[in-house]
Amino acid sequence: MIILYAGEKILLNSLMALKQPSPPNGPNKKSASQTTMARDVTFDDLLVAVGTSRNRDAFIRLFEYFAPRVKSFLMKSGLSPEAADEIAQETMLTVWNKAAGYNPAQAAASTWIFTIARNKKIDLFRKNARRTLDPHDPHFTPDSETPDFGLEKAQENKILIEAIKKLPEEQGFLVRKSFFEEKTHQDIADETGIALGTVKSRIRLALEKMHHELDKKGIVI
Amino acid sequence: MSKPTDHHNRYDHNDLLWDYACGSLSQASYLLVENYVALCKDAARTLSRFESIGGALIEGHCAPVAMNKQSLDAVLAAMNSTQMSSELAHNKKEPKNLAFLNDHKFPEPLFHHIKQSEESLKWKRFTRGMSYCPLAFEDDKQTATLLRVAPGMKTPHHSHHGLEMTLVLQGAFEDETGLYRAGDLMIADDDLHHQPVATKDEVCLCLVVSDAPAQFTGRFMGLLNFLNH
Chain B
1 MIILYAGEKI LLNSLMALKQ PSPPNGPNKK SASQTTMARD VTFDDLLVAV
51 GTSRNRDAFI RLFEYFAPRV KSFLMKSGLS PEAADEIAQE TMLTVWNKAA
101 GYNPAQAAAS TWIFTIARNK KIDLFRKNAR RTLDPHDPHF TPDSETPDFG
151 LEKAQENKIL IEAIKKLPEE QGFLVRKSFF EEKTHQDIAD ETGIALGTVK
201 SRIRLALEKM HHELDKKGIV I
Chain E
1001 MSKPTDHHNR YDHNDLLWDY ACGSLSQASY LLVENYVALC KDAARTLSRF
1051 ESIGGALIEG HCAPVAMNKQ SLDAVLAAMN STQMSSELAH NKKEPKNLAF
1101 LNDHKFPEPL FHHIKQSEES LKWKRFTRGM SYCPLAFEDD KQTATLLRVA
1151 PGMKTPHHSH HGLEMTLVLQ GAFEDETGLY RAGDLMIADD DLHHQPVATK
1201 DEVCLCLVVS DAPAQFTGRF MGLLNFLNH
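Top to bottom, those sequences are chains B and E.
Just so you know, the first sequence maps onto residues 1 to 221 in our numbering.
Just so you know, the second sequence maps onto residues 1001 to 1229 in our numbering.
Bear in mind the hints are in silico, worked out from the structure with no lab data behind them.
Quick caveat: nothing in here was measured; it's all calculated off a predicted structure.
It is possible that some hints are incorrect.
Covered stretches of chain E, going by a simulated chain B footprint (3 or more residues, C-beta under 8 Å) [said to hold, decoys possible]:
| no. | stretch |
| --- | --- |
| 1 | 1017 to 1029 |
| 2 | 1141 to 1154 |
Taking CB as the label site, the calculated pair distances span [stated by the list, open to error]:
| no. | chain 1 | residue 1 | chain 2 | residue 2 | range |
| --- | --- | --- | --- | --- | --- |
| 3 | E | Asp1012 | B | Ala105 | 24 to 30 Å |
| 4 | B | Ser80 | E | Lys1041 | 38 to 44 Å |
| 5 | B | Leu205 | E | Asp1201 | 32 to 38 Å |
| 6 | E | Arg1045 | B | Phe173 | 25 to 31 Å |
Mimicking DSBU-like on lysine-lysine, the simulated pairs with C-alpha atoms at most 35 Å apart in a straight line are [to be verified]:
| no. | chain 1 | residue 1 | chain 2 | residue 2 |
| --- | --- | --- | --- | --- |
| 7 | B | Lys165 | E | Lys1200 |
| 8 | B | Lys98 | E | Lys1069 |
| 9 | E | Lys1141 | B | Lys76 |
| 10 | E | Lys1115 | B | Lys165 |
| 11 | E | Lys1124 | B | Lys98 |
| 12 | B | Lys98 | E | Lys1154 |
| 13 | E | Lys1069 | B | Lys216 |
| 14 | B | Lys209 | E | Lys1069 |
| 15 | B | Lys177 | E | Lys1105 |
| 16 | E | Lys1122 | B | Lys76 |
| 17 | B | Lys120 | B | Lys177 |
| 18 | B | Lys76 | E | Lys1105 |
| 19 | E | Lys1041 | B | Lys76 |
| 20 | E | Lys1105 | B | Lys120 |
| 21 | E | Lys1141 | B | Lys217 |
| 22 | B | Lys177 | E | Lys1041 |
| 23 | E | Lys1105 | B | Lys98 |
| 24 | E | Lys1122 | B | Lys209 |
| 25 | E | Lys1200 | B | Lys98 |
| 26 | B | Lys177 | E | Lys1122 |
| 27 | B | Lys166 | E | Lys1105 |
| 28 | B | Lys120 | E | Lys1200 |
| 29 | E | Lys1154 | B | Lys120 |
| 30 | E | Lys1105 | B | Lys165 |
For every residue, glycine included, the Cβ atom is placed at its ideal position computed from N, Cα and C.
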């Protein structure tokens, strides 16, 4: 990945032309020039640009896409629009401050941003009682390991988004409820009247389906 | 926390990691998972798989809600002034338990948690060769306790009322179900009646999280209840 960012000018040009980030066209990255030419800029690229060169344009792109979605995510768990706006701002500020620790081999940009938003949400719900996570969240610590994944996380992420759309509603409902309303299996069983075993098995099936979709694309997880 | 009623419903490692990904854990369990993934690569991988679902939901399944007009400007302004905040935050508190901390190889998240604690840790002796130290949290949904067992020492025979999760931080212990080494997590529930024994070569240090000491009625109780009464 590093080699891709050697050509900062090329990246900046891509940034200017960027409309909608999209996944890489192909899994093979042979050389820097080929890679840069062969694919559009992804959110992961933007986040790396923020982390490595404090690129404010890249940050603004990320803000424009993610802040309204983080706000939406937070409102789903019951926050007022004002509170959600504020936490979304804090989330994006943390993105700026911690971007140097982001490793695209470890997580898609959206996953990394999700963990920040989730932690902010937990912090808020605990009324700042919990210690601040920042320096020690595993996602903020660059992983020196060689990536285990043959394809970029950004691509995996796109497949996951589609896989979630394809889930039967009874499964998709439970996955969304778990993440949007931070509910345990037991919470969901209590609230919906669906038996605990059924909640568990539906979520398990959903996970298997998502695996299968990734598997079909040759992504081993 | 779930109260498993049969094997199919039993709360397992994946459930714990899933709950962490969703943000639904107590503070005690949250700390447990942070240390678990710091020690166990497989757990870290499973967690990142679950969290990538959260990422996909935010990126592709949350209809955008427009930010307030001034929000971006507010963040851009703050970016200029807070760049150094992480370094400052890192050094702002003096460690209070350095001697204690140096005795053990704690995973980073636990080390950090103890350093940030308002109160110093106090080890309490339970029996010869066994001491424990409760950790404080704001919520009281579950308790977390550090447990230190001398080499070869037996812990009391006990069963569980509710969930008890034991993460081995250092050394190893063995019970009727197997051998648990550093980075292994044992999740026990009502069904398990056991007597963990520290292996002979090293002190065994564990982080134990259990459902808040409950109104137990039976003859046996969870290890933490045992300690706290």
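Going through the hints against the structure:
no., hint, in the structure
1, 1017 to 1029, "holds (count 7)"
2, 1141 to 1154, "violated (count 0)"
3, E:Asp1012 - B:Ala105: 24 to 30 Å, "holds, 28 Å"
4, B:Ser80 - E:Lys1041: 38 to 44 Å, "holds, 40 Å"
5, B:Leu205 - E:Asp1201: 32 to 38 Å, "violated, 44 Å"
6, E:Arg1045 - B:Phe173: 25 to 31 Å, "holds, 27 Å"
7, B:Lys165 - E:Lys1200, "violated, 53 Å"
8, B:Lys98 - E:Lys1069, "holds, 25 Å"
9, E:Lys1141 - B:Lys76, "holds, 24 Å"
10, E:Lys1115 - B:Lys165, "violated, 44 Å"
11, E:Lys1124 - B:Lys98, "violated, 39 Å"
12, B:Lys98 - E:Lys1154, "violated, 45 Å"
13, E:Lys1069 - B:Lys216, "violated, 43 Å"
14, B:Lys209 - E:Lys1069, "violated, 40 Å"
15, B:Lys177 - E:Lys1105, "violated, 38 Å"
16, E:Lys1122 - B:Lys76, "violated, 41 Å"
17, B:Lys120 - B:Lys177, "holds, 18 Å"
18, B:Lys76 - E:Lys1105, "violated, 41 Å"
19, E:Lys1041 - B:Lys76, "holds, 32 Å"
20, E:Lys1105 - B:Lys120, "holds, 29 Å"
21, E:Lys1141 - B:Lys217, "violated, 42 Å"
22, B:Lys177 - E:Lys1041, "holds, 28 Å"
23, E:Lys1105 - B:Lys98, "holds, 27 Å"
24, E:Lys1122 - B:Lys209, "violated, 48 Å"
25, E:Lys1200 - B:Lys98, "violated, 43 Å"
26, B:Lys177 - E:Lys1122, "violated, 40 Å"
27, B:Lys166 - E:Lys1105, "violated, 46 Å"
28, B:Lys120 - E:Lys1200, "violated, 43 Å"
29, E:Lys1154 - B:Lys120, "violated, 42 Å"
30, E:Lys1105 - B:Lys165, "violated, 45 Å"
Hint compliance for this structure: hints 2, 5, 7, 10, 11, 12, 13, 14, 15, 16, 18, 21, 24, 25, 26, 27, 28, 29, 30 are broken, all remaining hints hold.
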